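Sequences listed follow chains A and B, in order. Read left to right, the first sequence gives residues 1 to 352 (the numbering used here). Read left to right, the second sequence gives residues 1 to 352 (the numbering used here).
No wet-lab data here; the hints were simulated from the structure. All values derive from a computational prediction rather than experimental measurement. Note that beta-carbon positions come from the ideal geometry of N, C-alpha and C, so glycine has one too. Check each hint, because a few of them may be wrong.
[Stated by the list, open to error] So, partial list: chain A residues that the calculated Cβ filter (under 8 Å) puts toward chain B:
#, residue
1, Val28
2, Pro116
3, Val307
4, Val314
[Said to hold, decoys possible] Think about it this way: if two alpha-carbon atoms lie no more than 27 Å apart in a straight line, the pair counts; the simulated BS3-like pairs of lysine-lysine are:
#, chain 1, residue 1, chain 2, residue 2
5, B, Lys114, B, Lys131
6, A, Lys212, A, Lys233
7, B, Lys212, B, Lys233
8, B, Lys212, B, Lys22
9, A, Lys230, B, Lys264
10, B, Lys233, B, Lys11
11, A, Lys187, A, Lys264
12, B, Lys264, B, Lys233
13, A, Lys114, A, Lys131
14, B, Lys230, A, Lys264
15, A, Lys233, A, Lys187
16, B, Lys22, A, Lys22
17, B, Lys22, B, Lys11
18, A, Lys212, A, Lys22
19, B, Lys230, A, Lys230
20, A, Lys22, A, Lys131
21, A, Lys264, B, Lys212
22, A, Lys233, A, Lys264
23, A, Lys11, A, Lys187
24, A, Lys233, B, Lys264
25, A, Lys264, B, Lys22
There are 2 protein chains.
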Amino acid sequence: MPEAIQPIQWKRTSLHLLDQRKLPREEVYVDCATAEDVADAIRTMVVRGAPAIGVTAAFGMAIGARAFAERQPRAERRAVDAEVSRLKDFFAATRPTAVNLFWALERVEGIARKAPGDASAVATLLEETAKSLYDEDIAVNRAIGDHGAPLIPAEAGILTHCNTGSLATAGFGTALGVIRAARAAGKNVHVFADETRPFLQGARLTAWECVKERIPVTLLCDGAAASIMKRGKIQVAIVGADRVAANGDTANKIGTYSVALAAKAHGIPFYVAAPISTIDLSTPNGDAIPIEQRDPREVTHLAGHAVAPEGVTVENPSFDVTPSDLITAIITERGVARAPYVDSLRRLVGAR
Amino acid sequence: MPEAIQPIQWKRTSLHLLDQRKLPREEVYVDCATAEDVADAIRTMVVRGAPAIGVTAAFGMAIGARAFAERQPRAERRAVDAEVSRLKDFFAATRPTAVNLFWALERVEGIARKAPGDASAVATLLEETAKSLYDEDIAVNRAIGDHGAPLIPAEAGILTHCNTGSLATAGFGTALGVIRAARAAGKNVHVFADETRPFLQGARLTAWECVKERIPVTLLCDGAAASIMKRGKIQVAIVGADRVAANGDTANKIGTYSVALAAKAHGIPFYVAAPISTIDLSTPNGDAIPIEQRDPREVTHLAGHAVAPEGVTVENPSFDVTPSDLITAIITERGVARAPYVDSLRRLVGAR
Chain A
1 MPEAIQPIQW KRTSLHLLDQ RKLPREEVYV DCATAEDVAD AIRTMVVRGA PAIGVTAAFG
61 MAIGARAFAE RQPRAERRAV DAEVSRLKDF FAATRPTAVN LFWALERVEG IARKAPGDAS
121 AVATLLEETA KSLYDEDIAV NRAIGDHGAP LIPAEAGILT HCNTGSLATA GFGTALGVIR
181 AARAAGKNVH VFADETRPFL QGARLTAWEC VKERIPVTLL CDGAAASIMK RGKIQVAIVG
241 ADRVAANGDT ANKIGTYSVA LAAKAHGIPF YVAAPISTID LSTPNGDAIP IEQRDPREVT
301 HLAGHAVAPE GVTVENPSFD VTPSDLITAI ITERGVARAP YVDSLRRLVG AR
Chain B
1 MPEAIQPIQW KRTSLHLLDQ RKLPREEVYV DCATAEDVAD AIRTMVVRGA PAIGVTAAFG
61 MAIGARAFAE RQPRAERRAV DAEVSRLKDF FAATRPTAVN LFWALERVEG IARKAPGDAS
121 AVATLLEETA KSLYDEDIAV NRAIGDHGAP LIPAEAGILT HCNTGSLATA GFGTALGVIR
181 AARAAGKNVH VFADETRPFL QGARLTAWEC VKERIPVTLL CDGAAASIMK RGKIQVAIVG
241 ADRVAANGDT ANKIGTYSVA LAAKAHGIPF YVAAPISTID LSTPNGDAIP IEQRDPREVT
301 HLAGHAVAPE GVTVENPSFD VTPSDLITAI ITERGVARAP YVDSLRRLVG AR
């Protein structure tokens with residue numbers, strides 16, 4: 001079944017990306033015909049969400065490799081490999097926190113290095129690899145949904161933060177994928193979507209996906225989540241992840257840590273749903289995860305209007321780290337990890 | 001010393017209110033010449049903040065009483081009293097949560113009832129009463145500052161939520177007043193202002209007041225507060241209140257409860273600064289405090305632009321309740337209350 005929402009569309013020579021900055025008002029696609037276009041789209045958040053960024057960057061490498069093959073069809077293989085490495089580094093510099101990006105880039109580079117052939121053959125291989133990553137991401141998300149659905153009660157108010165749906169992935173979604181799978185399993189769920197300042201992924205994207213697919217949804221300001229938990233409306237909190245450290249500490253969209261603290265205070269299970277590619281065993285704990293600081297204007301301006309005084313200092317971390325002791329379980333495509341995460345995550349990552 | 005920021009200005013026949021919806025872009029005043037104008041200004045949040053609303057409504061009653069005296073200069077005293085009661089009920093219906101509003105209205109009505117004289121004399125008395133309430137509020141806030149300043153360390157990052165400054169009061173402020181007093185006492189403080197969605201009182205008002213008075217300030221999204229506490233930047237959290245119940249449970253701007261939970265998790269003292277008029281001994285606990293739900297458009301639209309899909313359901317509670325066990329102390333003009341609040345608050349309210 002094709003996905004209802006397809007934010008990443010491969011058009012043989014270019015990549016069409018649904019411009020998520022313009023949702024929900026406009027559904028327009030940005031046509032990325034060069035590697036630079038793709039990198040810009042990642043940096044400026046035309047596309048966002050850890051799995052979606054990984055897949056997008058893989059297509060960006062394919063576009064870059066094809067351009068190189070057209071410029072230098074007879075290039076020596078050493079030069080081809082150097083170009084692939086350059087492209088990898090170029091995309092790796094777009095955003096620092098989500099590890100899926102680096103995972104996808106390294107996978108693409110590894111496949112290119114091992115394969116025989118000239119620049120054109122390598123470009124074709126990268127295109128095939130990107131397409132595989134795309135298909136694989138959807139399959140992975142469906143498996144996450146299958147593992148996560150049993151954790152959702154038959155009737156549940158589910159709080160989520162940011163967007164973890166079709167728009168954050170190649171399709172189906174991670175945390176929102178678990179919600180979709182729970183619905184498919186006949187559960188009666190109601191999504192409570194944090195609006196997720198400053199970029200409003202909850203209001204603009206999660207609420208939009210839910211309305212589009214007729215999933216019952218209530219939108220709220222981030223600061224209202226704790227009081228809505230206190231009123232008994234939430235039975236489960238579930239979020240995605242941009243990087244899970246070896247000990248289970250999880251970097252995710254700014255505000256996630258507050259949700260986890262409030263869930264803990266109200267005895268509500270707090271789940272992280274993420275593909276294995278988000279787990280970074282080489283990062284020992286949350287303190288070692290680099291946190292991107294974004295433009296103060298995301299906070300000081302709304303729709304081009306200043307909402308803060310000129311020249312005010314701003315802290316705008318794009319992510320925070322939720323310590324693993326606040327996380328009830330981490331749901332992956334290979335199963336559900338629980339504390340102690342050092343063991344359970346290593347086991348899942350090692351499994352095939 | 002006159003206050004630098006005067007959001008409420010009495011002009012003998014009308015009330016000029018700084019239009020806080022237009023800050024920080026424009027400093028314009030709304031001229032309220034009738035009781036209806038004043039009530040509209042409260043409802044639409046031209047003026048907001050519990051103490052400011054109380055003082056504003058008192059001036060609104062004075063304007064209404066003067067209009068009545070001009071329409072019916074020979075009215076019987078019974079009719080005058082009936083009009084005063086009608087005005088009281090009219091203003092009491094503007095907003096439901098902040099108890100200072102009801103406190104101010106009852107005080108004005110009580111004074112009117114006891115005084116001799118005709119409609120004109122009563123109108124003059126109400127004007128004098130409103131002016132006294134205004135002056136008293138500034139004095140009360142300065143006393144809150146005096147009691148609160150010793151609780152602030154010599155060097156402190158101070159997290160605050162919403163606006164509790166000159167704009168929320170007749171002048172000086174409650175929680176921001178404590179910060180002002182700490183600075184006046186030579187302490188080196190840095191304010192971290194939650195932007196405070198949906199109405200952005202932190203971004204638009206607190207940051208504006210701080211920049212205007214050169215108080216060092218950093219603006220952040222509400223969801224970033226917990227992670228900034230985790231990074232060790234915050235030594236104190238301090239907020240205002242819209243109603244404090246007899247047991248110390250405190251209703252304040254939505255998002256306050258999240259701040260209190262995060263402060264608790266990081267061992268950071270969490271203070272409430274509020275005048276005695278905010279303490280409502282007739283409300284036993286937080287569950288008995290009515291919580292205003294405001295227009296979904298405050299969440300779904302920014303500067304007139306839709307940021308959420310058409311027709312999405314919204315929860316937009318204007319306030320939440322922080323349970324007293326998360327509150328380190330409540331700072332009033334008569335001293336600092338600590339747990340058990342049932343005793344300490346009753347003592348302070350009873351003291352003269």
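| query | Among the hints numbered above, which are violated by the structure, and what are their numbers in rising order? | reply | 1, 2, 10, 21, 23, 25
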